[in-house]
Amino acid sequence: MLELYHGEPNLFSLKPLIVLKEKNVEFVSHHVDPLKDASYENRFLPNDEVEMNMEGEGPILVHDGRVMTDSFFMSIYLDDVFSPMSLRPAGAEAHWRILAGAAGFGQLLGPAVSTLGVFRYLAPVLRKRGADSIKAVLAARGFQERREGWTALLAPEDPAELIEDSRRKVGLGIGKIEGILANSAWLAGDSYSLYDIDSFALTHCLTSLTPDLLNQTTAPRMMNWLERIRARPAVQAALAMSLTGKPEQAFLPGPEHSRWG
Amino acid sequence: MLTLYHWEPNANSGKPMLALKEKGVAFESHYLDLLNFDQHSPEYLKINPNGTIPALVHDDLLLIESTAIMEYVDQAFDGPQLTPSDPYERWRMRWWMKYFDYYFAPSLSMIGWSVFVGPSVRERDPDELRAKIDRIPMKERRIAWQKAIYNTFSAEELAESGRRLDLGILKIEAVLTRRPWLAGETYSLADANAYNTAYALPFSRPDSCNDEKTPHLMEWLRKIYERPATQSMASMGRTTLVSRMALLAR
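Protein chains in written order, with the working numbering: chain P, 1 to 261; chain V, 262 to 511.
Read the hints as simulated data drawn from the structure, not as lab findings. From a predicted model like this one, the values you see are computed outputs, not experimental measurements. It is possible that part of the hints are untrue.
Derived lysine to aspartate or glutamate pairs resembling EDC-like cross-links, with alpha carbons at most 20 Å apart [as the list claims (entries may be wrong)]:
1. V:K432 <-> P:E51
2. V:K432 <-> P:E49
3. V:K432 <-> V:E421
4. V:K284 <-> P:E93
5. V:K400 <-> P:E93
6. P:K176 <-> P:E157
7. V:K400 <-> P:D165
8. V:K408 <-> P:E256
9. V:K400 <-> P:E178
10. V:K432 <-> V:E480
11. P:K176 <-> V:E401
12. P:K128 <-> P:E157
13. V:K408 <-> P:E161
14. P:K135 <-> P:D33
15. V:K400 <-> P:E161
16. V:K400 <-> P:E256
17. P:K23 <-> P:E49
With the hints as constraints, model all of the structure from the sequences given.
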């Protein structure tokens, strides 16, 4: 049995949803919202990889009792286990390119896009509802870093410096993707791969979140690449799993920024 | 042609070194002195414009990102398989490598730089140091080097790193109580990765990592230390850093 616990199809939750749809794998979808059901993770505890989820409120994959977190690594698992269509070109070089690329963008864009998204969309809602709105989720999360991801959203004002730094990182990431696409149709080369899925999931919301940084003038190749991916039936099917109709506005506390600056 | 550009058999440089040694792959070693900022020299930037080490050059292909290089080495060359055959254990191998790369190692290196490395680097000519920082190509790396050299970490940041390390040590001990290696029943890239960060814990965190409190972690470190590949890697060290491994001798 294959089950995915996920949020709205955006960022980390979107990655395995696209992979499952691309591979046409049947699965049980558990659409979870930690603000409504804070303790859904408890059924998996004790479990280090769930408790210390470095993606914050990222998705959880359960395959025949095997519990997995980290949206990129669970996507590789799905690609490994379910055939026939492979989402990774063969060979050690392509494997390295996908791993190194996803690690780089994950570290750069994962925290930055999450930060911009949660302070734009989630923090205003939580401030209005007050501290009680996150009481249950704080009680349910044993990992201090994950609790801090939530409590930061209750501060009376947005962290201007962190937001500016996040915008800088997003701009840097857009430039890097644009640069790669100057040399190849897809991020890992000639074919669509997990690298594209990973980066698309992290950036497709930017056309509305940071339109001044990502548009036809700043990054025409990336805009075209996003459109090509959005047009894929599997991606449309994954995005259609949204309950709000606006997945690009759905954000939850994500990974930490590097503590080294 | 296979050339590895690396520093000491320690942290990020040690990861591909140990993978190559475990695979039994011959390579040309090009040692760069990290503390002399050799990795930002114009000569090296021609090879790796990012100015980061380690970097592996295989024929015409430049490979960066130490953990991804490890996976490349395991796939590209014959020799013992360092990736588990079970896909779930492969997932676990990657999860724990990320834990070390992004959570555990940054905390350890923050304390390491503050206490051990930074003070000796700061004894150098300030103008020369500033010039060497200014030529670092990537802003993220420039910020990190400034923090490391001038020790701009606050007491709170350092205390937080200590908390994370002590918590991490207990987590790793608990994992190794349940299985012999980080990913499962076999030695994998996760162990090789983690060893290069964790081998000096009995030296740097003796109150948290010792035979009494963390016997499984200590035994795991010793088992890796005793592997011929680890010994061969350690022999490539040129500074006193690697001498900390000797604490693991039985």
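Structure-based check of all given hints:
no.	hint	result
1	V:K432 <-> P:E51	holds, 11 Å
2	V:K432 <-> P:E49	holds, 11 Å
3	V:K432 <-> V:E421	holds, 16 Å
4	V:K284 <-> P:E93	holds, 17 Å
5	V:K400 <-> P:E93	violated, 27 Å
6	P:K176 <-> P:E157	violated, 31 Å
7	V:K400 <-> P:D165	holds, 12 Å
8	V:K408 <-> P:E256	holds, 18 Å
9	V:K400 <-> P:E178	holds, 19 Å
10	V:K432 <-> V:E480	holds, 15 Å
11	P:K176 <-> V:E401	holds, 14 Å
12	P:K128 <-> P:E157	holds, 12 Å
13	V:K408 <-> P:E161	holds, 18 Å
14	P:K135 <-> P:D33	holds, 14 Å
15	V:K400 <-> P:E161	holds, 16 Å
16	V:K400 <-> P:E256	holds, 19 Å
17	P:K23 <-> P:E49	violated, 25 Å
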